[in-house]
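S.K.: Starting from two chains that each stand alone, build the complex the way the hints lay out.
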Amino acid sequence: MNSYEPEAFATRSSRCGTGSASVLQTEKSALNREERYWQSQWHTARLGRRAWLAQLGGGFGALAAAQLLAEEAAPSGQNLHGGLHHPAKAKRVIQLFMNGGVSQMDTFDYKPELIKRHGENVDIGVTAAATSAPGSMMKSPFEWKQHGECGRWVTNVFPHMAGQVDRMAFLMAMASKTNVHGPGSYMQNTGFVLPGFPCVGAWISYGLGKLSDELPAFVVLPDHRGLPYNNTGNFSSGFLPAAHAGMTVRPNAPVPIAHIRAPEFAKQITSQSERASLDLLAKLNEKHLHDHPGDSRLDARMASYELAARLQLSAPAVLDLTQETAATQAAYGLDDDITAPFGRNCLIARRLIERGTRFVQVWSGMGGPSKNWDNHTDIPNELPFIAKQVDKPIAGILQDLAERGLLEDTLVIWTTEFGRMPFTQGATGRDHNGGSFVTWLAGAGIRGGVSHGSSDEFGYQAVEGKTWCYDLHATLLHLLGIDHTRLTFRHNGIDRRLTDVHGHVIPEILA
Amino acid sequence: MNCATRRDIDITSTSPKRKRRVLLAALICLAIPCANLSAANPIDFDREIAPLVAAKCLKCHGAAGPEAGLSLTSREAAFKILASGHAAIVPSNPEASELLRRVAASDPDVKMPPSGPALSAAEIALLRRWIMDGATWPEHWVYRPLVRPMIPNTSSAEEKSAIDRFIDLGLQQHRLNSAPEADRQTLYRRLSVDLHGLLPLPADVAAFVADSAPDAYETLVDRLLSDPRYGERQARHWMDLVHYAETHGHDQDRPRENAWPYRDYLIQAFNEDLPYGRFVEQQVAGDVLEPDHPWALVATGFLAAGPWDESSLRDIREDTLDRQIARYLDRDDIITTVMSTFTSTTVHCARCHDHKFDPIAQDDYYALQAVFAGTDKGQRTYDPDPQTAKRRLELAQQLAALPGRVSNRDAALLDAELQTRVAQWTVQLASAVKRWQPVDVQTVAAKQGSTLTRMDDGSYVSGGSRPETDIYECTASTELASITGWQLEVLSDPQLPMKGPGRQDNGNLHLNEVAVFLIDPAQPDAPRKLDIVSAEADFNQDGWTISHAIDGNAGSAWGIYPRVGETHRAVFRLKDRVPLPPGAQLRFELHQVHGRGHLIGRWRVQVTDDETPQLTAEEKLPSEVRAALIKTPADRTADDCLRLAAAFLEQQSKADLAKLPALQRVYTGSNRFEPDGGFRPTPQPRPIHVLKRGDVTQPLAQAQPGTLAMLAGLPSRFDPALTDDGPRRAALARWLTDPANGLTWRSIANRIWQQHFGRGLVDTPSDFGHLGSSPSHPELLDWMACEIRDRDRGLKSMHRLIVTSRTYRQQSQHREDAAAVDADNRWLWRMVRTRLDAETIRDSMLKLSESLDDRMGGPSVRQFIQTPGIHVTPNVDYANFDVDAPAFSRRSVYRFLFRTIPDPFMDAMDCPDASQLTPKRNESLTALQALATLNDKLLVRRASQLAERVMSKHDPVERQMIDVCQRLLLRDPRPDELTSFVNYVQQHGLGNFVRVLMNSNEFVFVD
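If you're matching them up, the sequences are chains W and Y in order.
Last residue of the first sequence? That's 978 in the working numbering, and every number before it is there in order.
Last residue of the second sequence? That's 987 in the working numbering, and every number before it is there in order.
Just to be clear, a hint being listed does not mean it is correct.
[What the hints assert, rightly or not] Pairs of lysine-lysine, BS3-like flavour, derived with a Cα cap of 30 Å: (1) Y:LYS427 x Y:LYS479; (2) W:LYS606 x Y:LYS427; (3) W:LYS838 x Y:LYS427; (4) W:LYS556 x W:LYS838; (5) Y:LYS479 x Y:LYS509; (6) W:LYS606 x W:LYS933; (7) W:LYS838 x W:LYS855; (8) W:LYS933 x Y:LYS672; (9) W:LYS933 x W:LYS644; (10) Y:LYS933 x W:LYS750; (11) W:LYS644 x Y:LYS672; (12) Y:LYS672 x Y:LYS370; (13) Y:LYS933 x W:LYS734; (14) Y:LYS509 x Y:LYS427; (15) W:LYS734 x W:LYS750.
In case anyone wonders, no lab produced these hints; they're calculated from the structure.
With the rest of the complex left out, here is chain Y (with noise of 0.2 Å):
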């Protein structure tokens, strides 16, 4: 991990001509307040050293391994007398302090820093008079205690609200005016696109610029945030947070058919206004300690929502190297994703060594690894309904406790009422059992070299050298006079690797072809083949089913992964009864030419001239059951009837358990997931070591389940006794929720400040550590964290209080002596200016096109042609896909979204592709975007529908043309205008008309 740390470096390296260095750099000036202007004033540690001292020291001295000792990333450290002698600093005293007379030096020797730019000289005077008044140096801000802050007493005589004055008091600090309201157009565009995501139609602008109400605009508000638009709005907020996507990325990208549940427990939950804690332990264990409420097990969701290395985790051997990395590596995942989310913390930044500025210890992020130590990504399967699950665990529970009750004889078996009810269904199943006749085998075969070992049940089992791929053949006799069909069984048996019945070294096979021939005494040269019109399987292996067997297609195959270590049957049956000579033969051919070793380890057919050759219930109990069965009652042993009985219960309850309503599905992380192929579920968190560097290989002491111990008064290791993933991460949820922890409800107030003005009150929304930006308004961003804590509410309310604030109602205009004093507009004397994102840009054009599908929730809308691809991930076709399809005409968040081919608009309007976590998208203005929003198929066909709509409402071109402006810009041409718009119209149609407006900047930016 690079852990670099010239903050410098960001800019020149973004702009690497001279020219724009310059530029840059005199722009960068300017977004630093100046420092004259709080000349008057005690210097502020947080706003004026701290980012000084984090630029131009911490590379070389850090929290870990500091050079010369020297840490000047906390009081204690930096004012501690080091080996040299001399102390950094002395305060009072800055004559004194080794660090003034270092960089202030220009003995190349001696001065700091040793490379980089040096110091100004203002730099210098504001570390000494800071010195000289004492040095003050409090704790880094965000490890403070949260305290909710007074709200300041400013001058306005006007009425304000609590976030007016902490923004009035900056802007008077800064000598700044904040701008006059905008108009009610403007308010309304804001608004819409800001809680909604969605252009608003002029009809409902028109009646709140008409409506003359005192309180119009909160009313408009409140109906914004209780419309359901505003949780998919924040649903697609908080998935480019979490990196939320549907597929696994890495090479094998599959589908997760079953991660959307995840995104509707989002819609949902900020609909209802979930508090914000509860919103915060659901997703981290809401199925521990909610396990009445399945939507709570849903938003584990959260934890499985980034990417899974499926060749690392499942498909590769389990004793590789490779393996235990991709472990530590998804784990990893999962901690940066929910520390970086809910504390925005870089605790990723301890994995190889402690944290260099923050502190953090290695032993920390090990902690965090094992609270995750038992958990996977993987579907698990959960009932809406509680009484359901209820029921559910009742007979699941009565299914595990079979196996029990038979070896340890539980009399209760043997009760003469329930053996009287065994005997009732033995018979109805023993008739079936005999149905199968086994063949009497003359020869054997295999072409490639396997030899094949009869076995006293008449069963073949496959030896040697084991060939990449065989075809075994078998010639057999029957006594019956006529065939109806066959029934290959594959059998397992200890020998084999995971007990067969493959001979793959994962126990799996895969039959790509059979065939059964004839041969007729009479015409002993002339086999005839024997057509076979279906087969059936008693489990078929995902996309791997026994009908490839009978396809004609060489290429394709039956296989029964990951059900290995079973024996398992699959029966063909014939087009019409064959009537068999007598002296007749039947040659069997199995063909298993795949590839890789994928040979049938044991095996044996048998024949019926049943009417309906099929599977039974029966045919899927164990071999000892069977055995039972056969046998006449009164040759039956004790063991033979406890046998019986319980797989009698056993039928009953699962008779039972398939009467219930279907399970759902949802993709979590968790350790209750279904297995999938060779990738289980922990029973127990697995043992994690503390790593050197990071290194699988150099494992030092073991981890205890636990979390950062930087916070005062919160225990930062969980109880040992925990030996379960949900109870551990169960604890973690509670310390992220504690009041006392005030990362969690800082970074969440910054979040949504963000939301609103594009950048949040700290400009690194998911670092609040010593690199990361100091808050524009620490008292505001401390007092919005208590509101949300203390109030117990959603966020709807906090979302209320900033949109109906003065600030947020500013106009954006651009005021050249604002900007003189604060280009970057950091003290928010007007309102930011937003360019659409992709989502708006489409959803837009589908509501004011009228052809916007408003439904909610459900499976994801794939919006291209997907078809198999040559592996696991499909081939996914965006170009050729339907522009009418229905599924374009949903909201873009309902969109399936698939990591490693993202949609080609979205992926060139900064819509991120869920591989990291993206708590801001980039704002970049490309050709290649032009290119998008010119031609993308969807936009261009949306406003051909726009314009057919307009015509249809009206014969003059020039109304036409009128209300065309007014869906999309919220206004009538102007004057000058009028005539180039008709004219345009005229020759090129309004479609295209249309298209022009689309692409113009007033649509794109919001004021």
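Bound-form chain W, shown alone (with noise of 0.2 Å):
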């Protein structure tokens, strides 16, 4: 799968399976046998069940039903750009998600006020920031420089992004409501300060269902390093049901997905033993739902194994980067070492979504207050270090979704919880700042070489265009057909929505 090919795409999405035939060439006949087979399972359980859904039998709430349904992959091809409520202008997301608080003022948001007044005490109306009193006045170290047609400023830390910033629509005045990670980080994920809501991938999992039945439709990739802020909590499908929760792949690590195969020291499974158990099990629960009839759980239960073998055939081939050429893993940073973590993460975002997750959120930086984008204290030597690990494998995977034409209907956003301030914290770090930070998206639907809002003269708050996670959000699941006034769910009394009870689409940045 080295080309994309649009039609080979629909046709593995609308017909059961018969792409992963091509996705793992390696073990070829013995993984048609089984395609074959599962196949067949999941033919035949899928009519049972729509057939007796028809009939409206069994004794459980419509509700109940809805959730069953929510695991199945969209019946045909035809939907994909139907949208929900409107057609869609892409099909799927991938977030890059810089934990800690990108600093605003070295990267993209260019104040030659804050240059020109470098070492001053200026009040701007701060008194204390969140773990420090306010310093001197510091413009950033690093060196400014327009590019591309747009002439988009942009420091030296993102040589390799700067070569980009035509297809990148940037918000300029973001906002947070508060200047801490963990409340943040939640925000940024779910629209809500506080835990326990469902993030942004479980609310598309659950408004638009699968594009496949051979992975899930919400998948995260944590930095290799570690979780972020609020661990898993950001990953949640909160109050919704389980099957939108991110499922979580950590492509280095022993076991990459939990549960993706049987124990180790379990040497009684074998594949050959599996797949008698698999037949005994079938066997038993036909039996078992011939006796119970009436009830769609049970037929669901027994779809719910047939798609968990597609899982598990699928999830090793999307990780078996040794399919993608050497140009390619260059392209994406994998042959230098300190690219290659993050780089890998975003390349198989990209064989992710070409397989039909819907959003993929890669993650730079974990929790902690190092080795991430929370630089407090020397911001000259920590944000290099950081933004090196990211910047290539950013350009690579927008350069490479677009020469595939995937950039075509994948929404590609950049991100962090919030920004920094003008002001130094101790001698060269900068403390956190909810006032205003910088968040670009590019892909489709998304107007290239523009940007939206402006900060004040220091970059300290969002003055003009300002916007907040609820109208990304907005503007995010209005791209992918939603209206995000009517993606609601009821929970303890209320119906909840993604943008609470804000958010407009932000017309300025779309196509």
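M.R.: What follows is the structure, encoded as structure tokens:
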């Protein structure tokens, strides 16, 4: 799969799993046998369930039925661009989340006034930052230059990303309700500063279902060093059914996906025994189903084992990067130890969306005071360290998606939980600042090379065209064909939305 | 907060594809009882009209700020003449009722609802008939007084329980029949899972099947209810409800080492069958209402069950807006937990505005904020023994009184007899004081530019602009001929932040490494580093002990937070006695390289030649007492004598305190918790303001403590004189359990029903408001609520009434004829089939493989490897945790519950992660869940263990296979299964066979 073939993709999605044979070239004949087996099983099971639902028997409520169905793939390819409420521009999303709060005035937010007044103590109305008292104004220690036809200012911490600015639409005045990592990360991911709410990916999975039977709708690739602030809380399905939670993939871990295969110690479980076991299980369940009519859960649970088997086949294939050419690997920075971990996750993200995952979230930075974007102490050294890890891979994935035609219907979002202060913390650090920060979008439905909004002369507060996570989420859902005010779920007495009671689509950045 | 209200959206957005929508719409139509069934009966407002109005009208015509001034949430509002001159509803006059004209209109400018599906002809006819009949509009069901209903006399000749008679009435009205009683195997399995969360052993089931006593079933029920496994099961349900876990959640997901006593409280309260009212009161204010009952204090762990935002509430600066917001939100968590759990109201909807549908004013919400204005989540100490508690209190009071006695010059302190004892004590202590010798400093320097200024006492104060890091050096000499150790004092100083002794904003310091060198005048260019073998400090910050200053690792350090504003001492002991040649100098180095200005603010070095250099009790005395101590008795002033006497009494009381049994700790909500760094109890409840749109920057009037005003006859505002945290909570607790508070008693009755039937009589267990479901059997619900309220007993008797009912004992088998009328089984024409939950599967496999460790209580078992993380949150590794570890043999209710890193198996099986209240678990069926049940290492291991048990008992494969079937499925293999089972076992082993059965629907579902 080195080139993108739209027809092949649509075929794969619309028919039950004929595509994974091409994915798994290494064990072709064996897998084809399995494929055929599962295809027939799945077909039977699905017909059974649909037939039953048509009869409207059974004894549980409509919502329970809906929960089962949400696990099912879209029935055919024809609706892929249909959207839920209006035609969709984007089929799927890759979100690159920079954990810790990227300093806007050291990356994309060019402020001549800050340079001019470097070293001065300027009263901008801050008496206390999150963890420190305000210091003096600090210009960026990095070199600013304009790039692309759009003339976007970028510092030299992002030399590769700078080459892609004409593809990006910048939100220059994003704001957060909080200056604290935990609530800030929750807010950017779920729209609420408190734990327990479903994240963007879960809402999308809930709203649109799956594009494929092979893979879950929502996959998360955490930083190779560890989980972000709030750990898996950021990928939670909250009160939505567990089916919508992000599947966490750790490509370098001994077991990259929890429970994807039998534990190491269980030597009695072999591929031969597994086939016989699933056969026997299917027989037991068929008899049980026959004796217990009118309960679609029994049928749905049988189908879940079939889906599981598909996932067991397709997941290792997605992670097998030997399928990629040396040139592609190099474009993502896999040939350099510094860029390889994040680059690998970006490349896997592309392979996931190619195979039908709706929403992939790739994280840079783990929770805690270092090895992320939380540069309190030393911007001149800490920021280039983390920026270098992502710069080439991000440019790489944008270029690769574009070359494969995937950028047409894939939305790429680069974001963080908040920005940083224009003044120093300690000697050369910067403290948290929810007042303003930068996010960019690229790809499906996005007008490249534009920017929307601006911060004040120092980059401290958003002043014009201010946007919140609500607006970003509303726009994202809009591009996926969803009206954010109509995607709701009743929980503890409230019809919850990703965008709470807020959110406006941002027309300025749409193509 | 999102308060969109379209009921239909739930469904359409769950099933976005058009085909599904059609299917589901059809399903839903059948789920609503057919209108023509009740055609002969008067229209039931609660069941027929209220849901229609809620679905179609309330989004715009709610309680707060309704469109066109028309609110459809109460009779008065709905019937009034509007500004337009019309009334929406004119009783007995459909023609004059504007509402009917609007819903029937076709003109889009007139038609209601203006968007979304219009009302059907049947619905309009129903409204017309209802108005024609007089438009009976009773108060919303849950706000009505709770009055014991009559038990219906149904036609059945058999003697039936009250529950069955209520259920029968519903069945008869819908021309349905109940199902026959299930067989005994099924009943035992059902009861065992239901009441214990464990599958039964085949031998126990066989004994029950063979029991011919007429009351065999009741006897079984009583036995199961009196078994402590009952409390464990109930506690787990309650833990879902109140989002109990043992870490803070959020980005600093710190383990709460002492949350577990609350879990043990729950188990004990259920097992001892505590009356429900007392159970409620103890959890809200047990510490205040039952001060002599330590377990009641533990109960307030309830208030702290939820998450806590450590960075916002403890670590960021006190003066930030984020801190204020976090406080309101933390109280919001407490309020929501209390009110959802006990009253099934959605009071949290009124944080930004009056509740849109229910009579809950924003003022009511902030009245509740005021109740908890002094409450914070924190670790609280308690004495399990009330006598010890009393003695501890006396000693604490004596200690607290001492400073006052000194300043008031209490003559009793100068009493001759006391002074004699003080004198003896001072002699003992004074000898120790002189052990430390000041050094004679020749040079001091700070590498990164701190200025060091010498003070009169020989100490140095660090000043100038504060560098991120620094290294202080000092060369000095001493008169001693040899030294065995040295002492670093870090002194408090009023000029330092938080009075020091550190220069960090919070008064802290981080000493990464120390070193001492001997400079021999014979070899001045070759200083010799002296070996330090041990270090001791009077106080160590958690995780930042003094040993870090001598471990050779510049990445670790000694800190003193939160004990800032005091002088601290560290003693460094040398490996050998070091002789000092004449003219020798010592060079001391203090490395402070942690960063962010964690520097020592004021310091002094001393040396000793004592045999065993160490800190003494005396060295922890305040400086003015030490000053008095070193004087000769003759030089001491009267003030000195007062201070010494007080210090003497203080150390005596402290010694007595130390002899008491150790305090226990529990994580609770109160204002009596142990301070944690800068996070301290507030002495007075904080002032609470009503916040415009919930925004802390827009405070309105100050709120008075109180609660909901919706209940007739119950005062909604508490005595403003309640100025402490505890009494305010106690007032709320009494309001909750007032017999006139129908919310509380109906709420618990419904939750118990839900446990047994998978769904409550009210389908929205934590929302009894206008947008919640109406009860399917309101009279039954009220009858059960009255039973719980009036009998003043625990909940066991209610469980017993339910599980001994015929309704509960029915078969669960589907029947086409009944399903055609009531597909949803709302009228309970059969028993429900449930899926085993995560805990039941794991615990049952332990039991069936005979490896369950049934010890109860105590600290939670960590079923993961925990290692220090990069910051607060530890690393948690489930994958590599030893599958044979004893921790895995305990019941799942004793697992350590990590909020943001849940166990992947439990997570896949819908065990909630405790970030949200979970009144009812999802029951999802997913591919990842199938993989989890197949490949969870614990289940795979249990399958093998079960197989090993069985193989050790029988030889022939066939016999082994039969035993496995009996254990897992409570049956023998059918004839048609025999051959394939035996073939499978012979080829793939018995362990794999167990694993297959364990994954089967027959095992996973309970009939």
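S.K.: Indicate, hint by hint, whether the structure satisfies it.
M.R.: Hint-by-hint comparison with the structure:
no.: 1; hint: Y:LYS427 x Y:LYS479; verdict: holds (24 Å)
no.: 2; hint: W:LYS606 x Y:LYS427; verdict: holds (27 Å)
no.: 3; hint: W:LYS838 x Y:LYS427; verdict: holds (28 Å)
no.: 4; hint: W:LYS556 x W:LYS838; verdict: violated (36 Å)
no.: 5; hint: Y:LYS479 x Y:LYS509; verdict: violated (33 Å)
no.: 6; hint: W:LYS606 x W:LYS933; verdict: holds (23 Å)
no.: 7; hint: W:LYS838 x W:LYS855; verdict: holds (12 Å)
no.: 8; hint: W:LYS933 x Y:LYS672; verdict: holds (22 Å)
no.: 9; hint: W:LYS933 x W:LYS644; verdict: holds (12 Å)
no.: 10; hint: Y:LYS933 x W:LYS750; verdict: holds (28 Å)
no.: 11; hint: W:LYS644 x Y:LYS672; verdict: holds (16 Å)
no.: 12; hint: Y:LYS672 x Y:LYS370; verdict: violated (46 Å)
no.: 13; hint: Y:LYS933 x W:LYS734; verdict: holds (23 Å)
no.: 14; hint: Y:LYS509 x Y:LYS427; verdict: holds (19 Å)
no.: 15; hint: W:LYS734 x W:LYS750; verdict: holds (24 Å)
This entry does not satisfy hints 4, 5, 12, going by the numbered hints stated previously.
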